[in-house]
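Undergrad: Chain A is fixed; fit chain B onto it per the hints.
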Amino acid sequence: MAQQWDPWREMEALRREIDRAFEQVGLRLPPLFRTAFLPGRAAREYPLVNLYEDKDTVYVEALAPGLDPASLNVSVVRNSVTISGEKKGIPDSAKPDSVHREERAAGRFTRTVELPAEIDENKVQAEYKHGLLFLTLPKAEAAKPKQITVQVA
Amino acid sequence: MAEKTVATTSGRQVASERERTRTQERYVSPPVDIYETPNELVLLADLPGVAPDDLEVRLEDDILTIRGQAKHLRTQEPVYQEYELVNFFRQFELSEQIDQGKVSADLKHGVLTLHLPKTEKAKPRQITVQVS
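First to last, the sequence lines map onto chains A and B. Numbering-wise, the first sequence is residues 204 to 356 according to this note's numbering. Numbering-wise, the second sequence is residues 105 to 236 according to this note's numbering.
Isolated chain B, as found in the complex:
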């Protein structure tokens, strides 16, 4: 699973970066855990302050995009501050071994859990040895 830092929504390469109509926002890339089971890859991402409606998980051209808008629970200026919430953004490139039609996502307590099932071809198979 390779990580992409620059969005490439189309296959062609553009030498200079395209400019957006909106000014560039500040993003933080959320820390993730990724582990593998025989049937799937599981991705866990910390997205504190992101409500389910403000989370966008997209899969396009083998690129998985996680984008979330984090909000403080209180809009008032804090009197003491150790952190601030900015928007989350991170992209991953999926290999062909992932069955992209069956990806499922779940957001609970600020943690996104993504299940990325492997294709039938990529799953391990046990072959019983016939003893004649």
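Looking at chain A on its own, in the form it has when it is part of the complex:
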């Protein structure tokens, strides 16, 4: 059955097509407006974390420059990890009127991050390198994916 030509429907179809095209472009663009970098002095959560995951392990990378390694504390309970520590700012010996700029966040912090799987607490490894804290958190046996062979009758 031949449909009558309807300019409004044509325009609607075109609009939808343009929307779809832009959606695809949006996916391919580098994420310009992602929370990009350093938490300033008013950061709500510190440190910021990135999470990586593969079959057996969860990895946490935390953006935490200038920590006193002795103050750094990492603890794992089931599927959450807590990072706490202290970042030193300008030493107390500097007089307030001798400070030209104070932009870096400083002080004590604690943050708990929930992980996508339960963790084997005994095998957790932590590394502090170039101001990034890197945690290697092996998944607990119960959380690992299991291969099930299909019986063919």
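Any given hint could turn out to be false.
Straight line, CA to CA, 30 Å or less: simulated DSSO-like cross-link-like pairs of lysine-lysine [as the list claims (entries may be wrong)]:
| hint | chain 1 | residue 1 | chain 2 | residue 2 |
| --- | --- | --- | --- | --- |
| 1 | A | K347 | A | K332 |
| 2 | A | K298 | B | K206 |
| 3 | A | K332 | B | K212 |
| 4 | B | K206 | B | K225 |
| 5 | A | K347 | A | K326 |
| 6 | B | K175 | A | K291 |
Quick list of simulated restraints, FRET-style, between CB atoms [to be verified]:
| hint | chain 1 | residue 1 | chain 2 | residue 2 | range |
| --- | --- | --- | --- | --- | --- |
| 7 | A | K291 | B | N143 | 17 to 23 Å |
| 8 | A | K349 | B | R162 | 52 to 58 Å |
| 9 | A | K349 | B | H219 | 53 to 59 Å |
| 10 | A | V280 | B | R162 | 44 to 50 Å |
| 11 | B | D210 | A | V280 | 34 to 40 Å |
| 12 | A | D259 | B | Q201 | 54 to 60 Å |
| 13 | B | V183 | A | K332 | 36 to 42 Å |
For the record, the hints were derived by calculation from the structure and aren't laboratory data. All C-beta atoms in this analysis are idealised placements derived from N, C-alpha and C, irrespective of residue type, glycine included.
TA: Below, chain B alone, put in the same frame as chain A:
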């Protein structure tokens, strides 16, 4: 200490910005603390993810340039992301009161510490008053 946002490597002013052969990279200006002691200025800059080999601190024509390449510890795509590491770049103009030959830098735990000693002329001097 004034901050420079545009690189001026030579003294002359160019009206239009010169184009580079490489495409413009994205930079982040690192947060800094600067404080003064009687003998020097100390600059602390947060540069997480920058290895000592990837950091460049340059002093040329009174302009201090800090440039660092930050790298994630893992190259895999994250499943959850709150930050990304891009390169750091920031410039400062130093005054004549800084002894530019004696500037020293140290990078530890992702924090750059720069010691900018004052010239002898700019250091405070105690003058004892002779009581006759």
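Undergrad: Which hint numbers doesn't this structure obey?
TA: 13
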